[in-house]
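Participant: All chains, full assembly: derive it from the sequences and hints.
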Amino acid sequence: MNPALATVAALTMRFGASGPPALDALTAEIPAGMVTGLIGPDGAGKTTCIRLLAGLLHPTRGTLTVLGRDPVTQADAIHARIGYMPQKFGLYEDLSVIENLRLYAAVRNLPDADRAATFARLLGFTGLAPFTTRLAGRLSGGMKQKLGLACAMIRRPELLLLDEPSVGVDPISRRELWRMVRALADDGIGVLWSTSYLDEAEACDHVLLLAAGHLLFDGAPGALTSRVDGRVFQVRGIAGNRRAVLRRALGQKGILDGVIQGRHVRLVAAKDAPPIDLEALKAGPEAALVAVPPRFEDAFLDILGGGPGGVSALARQMEPKTPRRTAVVEARNLTKRFGAFTAARDISFAIRQGEIFGLLGPNGAGKSTTFKMMCGLLKPSAGQALVDGLALGKSPGAARARIGYMSQKFSLYGTLSCRQNLEFFSGIYGLAGARRKAAIEGMIDIFALGPHLAASADTLPLGFKQRLALACAVMHEPAVLFLDEPTSGVDPITRREFWTHINGMVERGVTIMITTHFMDEAEYCDRIALVYRGAVIAIGSPDALKDEARTPETPDPSLEEAFIALVARSDREEPPGAAA
Amino acid sequence: MNIARIQSLVVKELLAILRDKKSRIALFMPPILQLGIFAFAATLEVKNVSLAVLDKDGGKAAVELTQRFSGSPYFTKVFSLADQGQVAPTLENERAMAVLVLDANFSRDVAAGRQATAQLLLDGRRSNAAQIVEGYAELVVKQYNDDLYAKRGLPGLPATLVARNWFNPNLDYLWFTVPNLIGMLSMIVGLVVTSLSVARERELGTFDQLLVSPLSPWEILVGKTLPAMILGIVESVAIVAAAILLFRIPCHGSLTTLAFCMVLYLFSVVGFGLFISSLCNTQQQAILGTFTFMIPATLLSGFATPLETMPQALQLLSLANPMRHFLAAVRGIMLKGMPFDMALDTVWPLAPIAVVTLALAGWFFRRGLD
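Protein chains in written order, with the numbering used here: chain Z, 1 to 580; chain X, 1 to 370.
Hints should not be assumed to be uniformly reliable.
[Said to hold, decoys possible] Here are the simulated EDC-like pairs of lysine to aspartate or glutamate, each with C-alpha atoms no more than 20 Å apart in a straight line: (1) Z:Lys-409 with Z:Asp-42; (2) Z:Lys-88 with Z:Glu-99; (3) Z:Lys-88 with X:Glu-64; (4) Z:Lys-437 with Z:Glu-477; (5) Z:Lys-409 with X:Glu-203; (6) X:Lys-151 with X:Glu-64; (7) X:Lys-142 with X:Glu-64; (8) X:Lys-22 with Z:Asp-458; (9) Z:Lys-394 with Z:Glu-330; (10) X:Lys-21 with Z:Asp-458; (11) Z:Lys-253 with Z:Asp-272; (12) Z:Lys-437 with Z:Glu-423.
Derived from the structure by calculation, the hints contain no laboratory data.
Facilitator: In structure tokens:
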């Protein structure tokens, strides 16, 4: 390994006397000329670790050295030699791109003579040159992150600390960020990249895997994935319901983990487990078990001892929905104009009952606009959004009573207790009396909220917040559930649990519409609409999209590669600027 | 309108405020502190005046007049100057509010029964206070004149003006300030509770959650209005109680009439608060919006400066200000015993103000949906 730029030994950080430490006896090194991934779900201690390295926090115990100095006593000397990009960009949103750069140049004492050349180099590097006069607040999520990176790079740092640079960034921008960071590492800079997306671990040279303040793994990502070598399979050629196959597989002894990947089901077998019984999965006569290369996440789940079971208690207590032949959710020529700008143009699709339908697209492409029109948060300029046959515009109350909605922010009332949140949401959905009581008790039971009932929602651990948010969204047994990046940042076990519930509800006839940047979530969809420049450029199952993007160069594209290829194809067919 | 759904909203709103320690403090501390601070700091009287005397005469009459100034309760600090050259610096450095200059032949003129002149120089930079001090000084001099007439057996001036201050016979400034504070503090409470509520929910994303629920915008509006009214009424009752029991302000009118006006007033304030809140996306904007409203509302209320002296346009504008109407009523009810029908005559404009602002707020709740 390259020489270490920063070393930490037995580093412990506590906030407040009670509760577990945010970081517990961490010992690790950050080498030069490499991308070190600081990987773990929200609340694992990533931000705490970065802030300690940047000298913004003083550790409770333990030692740390950054560039040969002690951040506790010599923070200023370190600040001159590192670049730090905090989670919330650290940009001034009311200043333009170039003004932000000038400001950081002044703050970091970049000599006047060097400024023009530095700005030109950074703008070229980040591809922001055409947007120098645009306000930072008006940039898309991906462009903001690139500008943040440029600001952190004003004086060529020896060590670059990036706190979750890929949050809220679409796959295309994410790939560009990685390309930039890669170039910096090749240039000899040490990069620390923190993320909750486990798939990014594989792109790192060196990984520090954190969970709840503990270091679970330290080394090259391949070294971790190799522990599950030969234990990862895909069930291919499934006839019939792949969600039922997954449920049966997770019930089988010796299967640690399983997820849906388009039309296939991916399974991880436990160490020394008997071979997987394909017959018992009832996957149809064509079904075959194919060994596939392991991923980082498979290995992570292996360390944690596997995911939860495949049966959803939530779905089990739900009344099955009356089958409907017609579309449950329908977009009819939806158009949204903001002044002269058309954010969504003539969007149509129909979602069958019991389907998981995903809306994907780059930042600012009209995906959120469409999603908001579908759940009634935005009124379309033209066209109609129908839920369960009811137009959201005409009978909003009746249509909305059939919707459940859960956003990435979880939208709980933070000062209300867990029980009070349940009472509130059951109340506004018109549940009353014995039915309300039964619904609340049912949710407490299913999501194991019992021990946390009196705690304010703000103080709940992230996993429980997510469970509570789902409970509040489904208590009234909606026919349609709208999900906005529902599992971003949560740990993989909670994410599995979440999808078990969703899959279970879908089997009961609930229809799901989801928007996400997270390809793992997209793989669960039955169909995906790819929205780009305000229009649907592709629609179909994840595998159909992959097929569409298949080329001799990429014979087996991932969903992310398909996404990028299809957007690029649309750009070729209709170059940007040609469209109105 | 679905009563059960609204009830859920009201309970949620009250819990959200009362369960949070910071909100509790923000809600209850400022009125208590402000009542204490304003009541004693916002005195409109001029007390503790310092007066410099340049006595060029030194005679008996001059000394006596100077002593009368020292003896008056208003002039607590009286000191002498040695020569004319000290007059300007004394005023300039604010060592004294006023300088009394007595001519060299002051005592001689008084003794001879001729007109004697005492000159009073005032610090005109503090024009209001200067006028009041001038009034005090005239009172002292008039008293001195009257005594001189009496001593010489002269009849005195043929006609005298005797002023009686009705409704506040002793001109106790607290009687004026505290009823006004009732209006002002109730407004602060009403605005703080409401202006932050919608903006906070927008910021945290919970407002979207409400908008996708079966709640109609009008139900949300009622669900936001009622909790603010409940908290506003509780605090206003506390403030009125403090005014009567602690500050011993008389309440000549009926408390029921006062309560009626208060409820109407709070409705209009809550309307403004929700209107401001519905326009804002962040709590920061809501706070700025509240201040932008509070300051002109106070200035155009007749609290500090009389409305009658303002330009016509501002007087018209002040008609939209709930505080203006309520202050007239609260002073009238407490100090003059204003009966219900007269109070109604004073406060009825609050009803249209409340209707318009609440309707606008309801309208703007759905902003962003279009």
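Participant: A separate judgement is required for each hint: does it hold in the structure or not?
Facilitator: Hint-by-hint comparison with the structure:
| no. | hint | in the structure |
| --- | --- | --- |
| 1 | Z:Lys-409 with Z:Asp-42 | holds, 13 Å |
| 2 | Z:Lys-88 with Z:Glu-99 | holds, 18 Å |
| 3 | Z:Lys-88 with X:Glu-64 | violated, 75 Å |
| 4 | Z:Lys-437 with Z:Glu-477 | holds, 14 Å |
| 5 | Z:Lys-409 with X:Glu-203 | holds, 10 Å |
| 6 | X:Lys-151 with X:Glu-64 | holds, 14 Å |
| 7 | X:Lys-142 with X:Glu-64 | holds, 14 Å |
| 8 | X:Lys-22 with Z:Asp-458 | holds, 14 Å |
| 9 | Z:Lys-394 with Z:Glu-330 | holds, 14 Å |
| 10 | X:Lys-21 with Z:Asp-458 | holds, 13 Å |
| 11 | Z:Lys-253 with Z:Asp-272 | holds, 12 Å |
| 12 | Z:Lys-437 with Z:Glu-423 | holds, 9 Å |
In terms of the numbered hints stated before, the structure departs from hint 3 and from no other.
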